[in-house]
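In order, the protein sequence lines correspond to chains G and V.
As numbered in the working numbering, residues 463 to 836 make up the first sequence, in order.
As numbered in the working numbering, residues 463 to 836 make up the second sequence, in order.
Think of the hints as simulated: they come from the structure by calculation, not from any bench.
Everything numeric in this text was worked out from a predicted model, so none of it was measured.
Glycine included, each C-beta is placed from N, C-alpha and C at the ideal position.
Please note: incorrect hints may appear among the correct ones.
Estimated spans, in silico, between C-beta atoms of each pair [as the list claims (entries may be wrong)]: (1) G:Q508 to V:E751: 26 to 32 Å; (2) V:L583 to G:F565: 51 to 57 Å; (3) V:N735 to G:A511: 25 to 31 Å; (4) G:E750 to V:R814: 55 to 61 Å; (5) V:N735 to G:G581: 50 to 56 Å; (6) G:A512 to V:N735: 27 to 33 Å; (7) G:Q508 to V:A615: 24 to 30 Å; (8) V:A512 to G:I666: 27 to 33 Å.
Number of protein chains: 2
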Amino acid sequence: MRFELMSRDSRTAGRRGRLTTSHGVVDTPAFMPVGTRAAVRGMRPQEVAATGAQMILTNTYHLFLRPGAEVIETLGGLHRFMNWNAPILTDSGGYQVYSLAPFRHLEHDAVVFRSHLDGTLHRFRPEDSLAVQVSLGSDIAMVLDECPALPSAKTELENAVDRTTRWARRSREVWRGPGALFGIVQGGTDPGLRERSAREIVEIGFDGYAIGGVSVGEDRDLASRITAHTAALLPEERPRYLMGVGTPSEILDAVIAGVDLFDCVLPTRNARNGMLFTRAGRMNIQREEYRADPRPPEEDCGCPTCHNHSRAYLRHLSVTREMLSGILNTIHNLHFYQQLMREIRSAIEEGRLQELKQKRYPGSACAATRGEVI
Amino acid sequence: MRFELMSRDSRTAGRRGRLTTSHGVVDTPAFMPVGTRAAVRGMRPQEVAATGAQMILTNTYHLFLRPGAEVIETLGGLHRFMNWNAPILTDSGGYQVYSLAPFRHLEHDAVVFRSHLDGTLHRFRPEDSLAVQVSLGSDIAMVLDECPALPSAKTELENAVDRTTRWARRSREVWRGPGALFGIVQGGTDPGLRERSAREIVEIGFDGYAIGGVSVGEDRDLASRITAHTAALLPEERPRYLMGVGTPSEILDAVIAGVDLFDCVLPTRNARNGMLFTRAGRMNIQREEYRADPRPPEEDCGCPTCHNHSRAYLRHLSVTREMLSGILNTIHNLHFYQQLMREIRSAIEEGRLQELKQKRYPGSACAATRGEVI
Chain G
463 MRFELMSRDS RTAGRRGRLT TSHGVVDTPA FMPVGTRAAV RGMRPQEVAA
513 TGAQMILTNT YHLFLRPGAE VIETLGGLHR FMNWNAPILT DSGGYQVYSL
563 APFRHLEHDA VVFRSHLDGT LHRFRPEDSL AVQVSLGSDI AMVLDECPAL
613 PSAKTELENA VDRTTRWARR SREVWRGPGA LFGIVQGGTD PGLRERSARE
663 IVEIGFDGYA IGGVSVGEDR DLASRITAHT AALLPEERPR YLMGVGTPSE
713 ILDAVIAGVD LFDCVLPTRN ARNGMLFTRA GRMNIQREEY RADPRPPEED
763 CGCPTCHNHS RAYLRHLSVT REMLSGILNT IHNLHFYQQL MREIRSAIEE
813 GRLQELKQKR YPGSACAATR GEVI
Chain V
463 MRFELMSRDS RTAGRRGRLT TSHGVVDTPA FMPVGTRAAV RGMRPQEVAA
513 TGAQMILTNT YHLFLRPGAE VIETLGGLHR FMNWNAPILT DSGGYQVYSL
563 APFRHLEHDA VVFRSHLDGT LHRFRPEDSL AVQVSLGSDI AMVLDECPAL
613 PSAKTELENA VDRTTRWARR SREVWRGPGA LFGIVQGGTD PGLRERSARE
663 IVEIGFDGYA IGGVSVGEDR DLASRITAHT AALLPEERPR YLMGVGTPSE
713 ILDAVIAGVD LFDCVLPTRN ARNGMLFTRA GRMNIQREEY RADPRPPEED
763 CGCPTCHNHS RAYLRHLSVT REMLSGILNT IHNLHFYQQL MREIRSAIEE
813 GRLQELKQKR YPGSACAATR GEVI
């Protein structure tokens with residue numbers, strides 16, 4: 463994997479870059495739609511690509527359980543399995559073990575957990591997570607880390623940082639590619655712990671660095687400040703990835719703080735619940751006021767949903783829980799997110815990231831742009 | 463609406479025709495995918511059209527309840543509402559009243575029923591059903607009929623024929639278009655009653671004739687014989703529509719008996735349950751044997767699903783209940799049905815409908831081809 467920084471925003475830490483992988487190029491800052499079980503919910507791969515997405519994320523935990531990494535490997539890897547001919551980032555499975563498994567126990571060198579599907583017991587060492595990700599044929603693999611929910615006691619956060627560093631070191635030692643490997647910085651909301659974690663992870667040395675443990679229970683403003691604080695600790699020449707975040711304004715804040723990669727289930731999950739992202743804010747398409755509204759969801763949107771369908775039709779589909787509802791809403795929301803990323807990239811190139819932020823989210827200056835310290 | 467008979471199969475009653483409506487042309491024999499609530503489940507309109515479907519069916523009962531005919535009329539009719547720019551046939555709502563409503567009571571000139579959604583009480587006269595279908599902007603409207611489940615006592619079947627004729631007469635009297643109006647023949651499995659019903663309905667005179675009350679509880683062979691018996695009673699120069707039927711072999715049988723139009727939920731509903739139609743028979747894509755099978759569901763199929771995806775991937779999606787499962791399976795099944803109709807139309811043109819039937823379903827000669835009487 464190659465990462466080039468092509469330009470910088472003159473007044474913020476925002477960067478315009480390009481990731482080159484063996485499956486193609488990703489313009490950064492980039493947003494990755496989430497394809498949990500080797501499918502972005504309700505989307506055919508070409509529809510995902512048509513929104514402008516250049517890379518997706520899939521979940522190692524889910525694919526490890528079903529259909530199993532060996533099945534996907536036999537079939538030529540994840541790209542062929544799901545017919546997605548562009549880069550794929552796989553998470554380590556850690557986050558799902560912590561959030562979904564009905565039982566898990568952390569050992570010195572592994573996490574032991576029960577499947578949320580059938581209760582079968584599994585033991586994942588950092589090496590096992592990487593082996594699964596290699597079987598999947600991931601373009602960017604993530605190290606197995608420990609991500610405590612917030613708030614957590616300081617000792618717990620410290621232990622998580624220790625374990626994350628220890629596992630990152632083991633991961634680095636066994637890693638032979640062929641994809642890239644990203645380390646993950648933990649440390650919760652403690653600035654000092656974030657500094658220690660970043661120092662240790664950067665010292666081990668990875669192809670890119672992720673900021674983990676953000677938006678796991680803490681408030682939005684604190685998350686934004688921790689992100690900015692952590693991003694500034696990471697080497698300039700490597701891509702920075704903020705895991706699992708976020709709303710359009712959170713993404714803008716993080717870009718301003720120097721983050722390059724994002725993933726989040728918001729645009730896809732909310733779509734299935736009838737919530738559309740628009741420039742004017744969130745739109746609950748089920749509202750009575752849209753019952754006979756012939757306008758597209760968003761007047762100036764160029765997506766196929768807005769091009770072909772009215773608010774009234776989308777309301778009807780959502781209210782009657784038609785399958786097509788989630789599909790059309792997802793197309794719109796993914797387009798919205800990709801359009802946001804296109805505007806962000808242009809704004810960086812033209813040195814007007816601040817203006818974009820002020821225009822889109824006036825009055826919500828983020829920690830990074832206020833120059834605040836934590 | 464215009465209906466031309468273009469050619470006939472030399473050795474069966476099969477006919478190759480063309481329906482021309484103000485929204486376009488339909489080559490017959492034709493299969494209409496079901497778009498119950500103004501959407502074929504999980505399909506965007508252009509995807510339905512891409513399968514080769516030239517006309518769809520939507521359900522008056524469902525659209526009357528949600529979003530309401532007046533909403534759809536305000537928005538310019540059903541075609542614009544759902545962005546389907548080809549012919550639409552609407553049913554009368556009767557069948558759903560009988561099968562879904564938790565309460566219904568038949569009066570001399572109306573059916574009174576409670577909504578299965580909120581229990582509200584409604585009264586539908588034949589005129590009301592037509593008014594709703596006109597508001598929707600239907601290309602082919604159906605008269606409100608009475609369709610008793612089978613088996614039913616002879617008096618019940620007789621009463622249903624009486625009521626169906628009475629309502630058909632009222633419908634004909636008030637009908638002012640602009641679309642076409644089809645009458646419906648009832649009579650259950652009683653050949654004499656079918657003859658009386660057909661005589662009465664044909665005497666009233668409609669743009670086309672439907673065979674109702676088939677596949678509502680009776681066995682397949684009897685259904686096939688009743689269909690053939692009834693089709694032969696209908697005027698040559700008008701389209702004949704077998705409502706709610708059926709499997710590929712049932713459709714072939716009915717075409718051989720001279721039927722022109724079909725609708726059925728089988729290809730779409732079964733798709734969502736993981737059942738694919740193939741030339742080799744039904745395929746349960748969830749079976750363990752497909753776990754790592756790299757082949758397309760059907761080797762020689764030209765549909766986008768078979769072109770892009772493996773059995774292993776489709777199995778994975780179906781087993782994990784991914785939204786994309788129903789979508790990809792529906793695309794295949796609708797393509798399969800439309801491909802069947804294309805082959806049927808070619809076979810009629812070339813005078814080899816019998817051969818097609820024997821090739822596809824050897825040993826299952828239908829009543830019509832056996833020349834049986836009931």
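Going through the hints against the structure:
no.: 1; hint: G:Q508 to V:E751: 26 to 32 Å; in the structure: holds (28 Å)
no.: 2; hint: V:L583 to G:F565: 51 to 57 Å; in the structure: holds (52 Å)
no.: 3; hint: V:N735 to G:A511: 25 to 31 Å; in the structure: holds (29 Å)
no.: 4; hint: G:E750 to V:R814: 55 to 61 Å; in the structure: holds (57 Å)
no.: 5; hint: V:N735 to G:G581: 50 to 56 Å; in the structure: violated (26 Å)
no.: 6; hint: G:A512 to V:N735: 27 to 33 Å; in the structure: holds (29 Å)
no.: 7; hint: G:Q508 to V:A615: 24 to 30 Å; in the structure: violated (55 Å)
no.: 8; hint: V:A512 to G:I666: 27 to 33 Å; in the structure: violated (51 Å)
The structure fails to meet hints 5, 7 and 8 from the earlier list, while all remaining hints are met.
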